[in-house]
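Chains as they are written, first to last, in my numbering: chain A, 2 to 366; chain B, 2 to 366.
In case anyone wonders, no lab produced these hints; they're calculated from the structure. Small disclaimer: the values here were computed from a predicted structure and weren't measured. Any given hint could turn out to be false.
Pairs involving identical chains hold if they fit within one copy or between any two copies, as the list cannot separate such chains.
[Unchecked claim] Here are the simulated lysine to any residue pairs, SDA-like style, with alpha carbons at most 25 Å apart: (1) K33 x D269; (2) K125 x G154; (3) K33 x D178; (4) K33 x R273; (5) K125 x D277; (6) K33 x P272; (7) K33 x D277; (8) K125 x R157; (9) K33 x R173; (10) K125 x A135; (11) K125 x D160; (12) K125 x E31; (13) K125 x Q174; (14) K33 x G85; (15) K33 x D122; (16) K33 x L176; (17) K33 x G179; (18) K33 x A255.
Protein chains: 2
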Amino acid sequence: MSESAKDPQAHDAYRQAGVDIDAQDRALEEVKVLARGTFTPGVLTEVGSFGGLFRPDLNGLEEPVLVSSADGVGTKLMVSAMVGDYSTVGHDLVNHCVNDILVQGARPLFFMDYVGAGVLDPSKVVDLVRGVSAGCRENGCALLGGETAEMPGFYRPGDYELVGFIVGLADRQNLLDGSRVQVGDTLIALPSAGLHTNGYSLARRVFFEILGLSVESPLPGGDSTVGRRTVGQELLAPHLSYLDCISPLLGDEALHAMAHITGGGLTDNLPRSLPDGARAVVDLDSWQVPEVFQLLVGAGRVSGEEAFRVFNMGVGMVLFVAASEQERVLAHLRSMGTAPWVLGSVEQGADGEAVVYRGGSGAGH
Amino acid sequence: MSESAKDPQAHDAYRQAGVDIDAQDRALEEVKVLARGTFTPGVLTEVGSFGGLFRPDLNGLEEPVLVSSADGVGTKLMVSAMVGDYSTVGHDLVNHCVNDILVQGARPLFFMDYVGAGVLDPSKVVDLVRGVSAGCRENGCALLGGETAEMPGFYRPGDYELVGFIVGLADRQNLLDGSRVQVGDTLIALPSAGLHTNGYSLARRVFFEILGLSVESPLPGGDSTVGRRTVGQELLAPHLSYLDCISPLLGDEALHAMAHITGGGLTDNLPRSLPDGARAVVDLDSWQVPEVFQLLVGAGRVSGEEAFRVFNMGVGMVLFVAASEQERVLAHLRSMGTAPWVLGSVEQGADGEAVVYRGGSGAGH
Numbered sequence: 002m003s004e005s006a007k008d009p010q011a012h013d014a015y016r017q018a019g020v021d022i023d024a025q026d027r028a029l030e031e032v033k034v035l036a037r038g039t040f041t042p043g044v045l046t047e048v049g050s051f052g053g054l055f056r057p058d059l060n061g062l063e064e065p066v067l068v069s070s071a072d073g074v075g076t077k078l079m080v081s082a083m084v085g086d087y088s089t090v091g092h093d094l095v096n097h098c099v100n101d102i103l104v105q106g107a108r109p110l111f112f113m114d115y116v117g118a119g120v121l122d123p124s125k126v127v128d129l130v131r132g133v134s135a136g137c138r139e140n141g142c143a144l145l146g147g148e149t150a151e152m153p154g155f156y157r158p159g160d161y162e163l164v165g166f167i168v169g170l171a172d173r174q175n176l177l178d179g180s181r182v183q184v185g186d187t188l189i190a191l192p193s194a195g196l197h198t199n200g201y202s203l204a205r206r207v208f209f210e211i212l213g214l215s216v217e218s219p220l221p222g223g224d225s226t227v228g229r230r231t232v233g234q235e236l237l238a239p240h241l242s243y244l245d246c247i248s249p250l251l252g253d254e255a256l257h258a259m260a261h262i263t264g265g266g267l268t269d270n271l272p273r274s275l276p277d278g279a280r281a282v283v284d285l286d287s288w289q290v291p292e293v294f295q296l297l298v299g300a301g302r303v304s305g306e307e308a309f310r311v312f313n314m315g316v317g318m319v320l321f322v323a324a325s326e327q328e329r330v331l332a333h334l335r336s337m338g339t340a341p342w343v344l345g346s347v348e349q350g351a352d353g354e355a356v357v358y359r360g361g362s363g364a365g366h
Numbered sequence: 002m003s004e005s006a007k008d009p010q011a012h013d014a015y016r017q018a019g020v021d022i023d024a025q026d027r028a029l030e031e032v033k034v035l036a037r038g039t040f041t042p043g044v045l046t047e048v049g050s051f052g053g054l055f056r057p058d059l060n061g062l063e064e065p066v067l068v069s070s071a072d073g074v075g076t077k078l079m080v081s082a083m084v085g086d087y088s089t090v091g092h093d094l095v096n097h098c099v100n101d102i103l104v105q106g107a108r109p110l111f112f113m114d115y116v117g118a119g120v121l122d123p124s125k126v127v128d129l130v131r132g133v134s135a136g137c138r139e140n141g142c143a144l145l146g147g148e149t150a151e152m153p154g155f156y157r158p159g160d161y162e163l164v165g166f167i168v169g170l171a172d173r174q175n176l177l178d179g180s181r182v183q184v185g186d187t188l189i190a191l192p193s194a195g196l197h198t199n200g201y202s203l204a205r206r207v208f209f210e211i212l213g214l215s216v217e218s219p220l221p222g223g224d225s226t227v228g229r230r231t232v233g234q235e236l237l238a239p240h241l242s243y244l245d246c247i248s249p250l251l252g253d254e255a256l257h258a259m260a261h262i263t264g265g266g267l268t269d270n271l272p273r274s275l276p277d278g279a280r281a282v283v284d285l286d287s288w289q290v291p292e293v294f295q296l297l298v299g300a301g302r303v304s305g306e307e308a309f310r311v312f313n314m315g316v317g318m319v320l321f322v323a324a325s326e327q328e329r330v331l332a333h334l335r336s337m338g339t340a341p342w343v344l345g346s347v348e349q350g351a352d353g354e355a356v357v358y359r360g361g362s363g364a365g366h
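Just chain A, with the same shape it has in the complex (with noise of 0.2 Å):
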C-alpha cells in the first residue's frame, strides 16, 4: 500500500514479533486487491508509486474546485478492538469525509487512508483497508493510496489509529457555503443509523462503567431482550452515506445549503449554514428520538442541552431547502428509499441563540 510497508525496519519489527513476513507480502498484495476494487476512470497510477495520481474529468466544469477534509473514527476505533471486527471502521470514516465534502456541493473524486500500529499485524490492516474500500466502492470514490505506519511502543497492542483524507470536486457556482440560506426555508432531516462516528467516549462511558455492560450484551430496554442487537453492533452501526440521495440535488436552486450532523450535534452544526441574523427552530416534536440516544441520555443522566451537541440524536443530515420546493425535494428523496421529515426551519433570530429547540418533553431546552 505504501513505502513503509516495504520498509526493513517493519520486516525486522515482525520478526522480533514472531509476524509471518511472507503473510505481510500476502497482506500488502490484498491491499492492493482492494484499493484496485476501487479504481475510477480518473485512476492514472498502479498503488504503491510515490504518490497516486488522479485525472479529474472537468468537461462542463465552468471553474472547477476541489473540496476536501481529514478525519479520523475517533474513538470507536476502540469499539472495533472490543469487538475484534475491524473491518467496518474504514466503511464509516470514508462516509464521514463524503458526507463533509457534500454538504458543500463536492461529490467525491479519492481518499487517502493512513493506518498507524504499534505493531502492524497484516490481517487487522486488510479488514480496516476492507472497510475503506468498501466504503470508497458505494461512494464511487477512487482509494488513490495511503500510508501504513509502524511506531513500536507508540500505540497500545490492538490498538489501530485510522486517518482518512479526502477529495472531492464542484462546480465553483454550485458550492454550498449558507450564503444561500433565507429565512423562511425548511429544514429536512435525513436519519442516522445511530451514532456514526461521535460520542464514543461518553457512551463507551455509560455502556461499560456506568451500565457495566460488555460488546456481547444486549442493548438494555423494551419488552424482552430476545432477538435484540447486542451493545458492539449498535455502536458499530455504520456511519451512513447521504451521497446517493442528495448527489441528484446538487446545484438544484431549492437546495440552498447542508449540515452534517457531527461533532458538536444540531446545536453547533446547523448555525455553521445560518446567515447573521437567523437562527434554526427544531422541532423536537418531529420525530422519535432512536432508543440508543434515550438510553444513552437516561443512564448516562445527560442534559438535553448535552445530548444534543454530543450526539447526532437521530439526525444524520439536515438540508435547508426553499419552503416552496420542500415538497418536491422530500419526494425526490422519499424516492431514493430514505425517510426524511420536516425537522424546523429557518427564523429570524438574534445573536446567541443560533438553534432554537420548540416542543419535547421540555427537558433540557
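Use these hints to put chain B onto chain A, whose structure you have.
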C-alpha cells in the same frame, strides 16, 4: 481548526484534565492565524468550514493531473516529545510529502493535517501546527484545513500523532514515472540534512539504549565535544524540501526520473524508477557518509546492507538525468545553493540486482 476541536466532549475532557478552556480557544485562534498565513490565491475558504476549498490554476495545462500522498512522521515524534519541542516535526512532515509528489513531477497545491492525542494540550497543538505552517509557507502550499482529535486512553500522555496529506498538480505530459529512464543515465544526488524522517526506531535504540545517551548529550565522536550539537538536535534536524531547487527542472527533458530517499533507503527507492533490465550502480566513493550515520552503523553494529535500507546515508534525493546533460543539471543545482554530486549511473542489469554498490570499504556490499 476543525469541527471536533469545537466538540463539547473535548471541552469536558479539558475541564477534567484541568486545562483552561480560554487557553484552548486562544490556541484555536492561533491555529487559524497560522493556517491563514499559508493561504495562496487558490484558497477559497476560511478555515473551519466542513471542508477546504481550493481553485487550482489550470492555465497552460493540457491535461491536469492531481498527485496526492499521505504520510506520518514516524517515531521522530517520540524524539520531539523527549526534547519537548513539538514545533519542528510538522515542517518535516510537509517537506516529506512535498518531495513525495515532486518526484512524480508535481508542485504542491494544498496540505491537510491530522493531530491526535489522548488529551490535547493547546500549546502543543499550536506548536505542531506552527511546524506544519512553516513547511507550507516554505513550499508555497496552502494549509487548507485539518482535524484535531482527542482520544482519551488511546495515546500516552505527551504523545501526539501527526499525519499529513498533500495534493499537487502536474501536466500529464510532464509526469515522471520512470518510463523515461535509460541505461546510461547519470544519477545525481542531493544531500540530506540527517535522518530526515526514517530510521528513528533503530536510531533511538542506538543512542538511548546501546550508548545510554540522552537528548541533551553532545553527539559522540570527533576530537572534541565542545560546541557539538546534541543528540536531540541531530535527531530533530529537519527533513529538507527539494522543491525550490528542482522545480525549475520540471518539464526539462534532461530530467528522466527522481527518487526520494525515505524508508527503504537507496536500496528500495532507486528501483522504483528503474525500467526492466536496468540496475542502479551507486559509487560509494562519491560521497562521505555523514558522521551521524557512521556513528549509528558503528555503535549499532548495523550491517552495510541494513544501513542502506534503514537510513538515507546522507542522500536525500536522487535525480535520473540524461548523461549528456549532467553538467548543465549539476550547474543549475549548484546555482540554487545545493551541493549535488554524481552518485552513479544506470547500467544494464539482470533481475534481482536492482541496486549495486561499488567502491567504499567493501563492507556489506
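In ascending order, which of the hints set out earlier in this document are inconsistent with the structure?
Those not satisfied are hints 5, 13 and 18.
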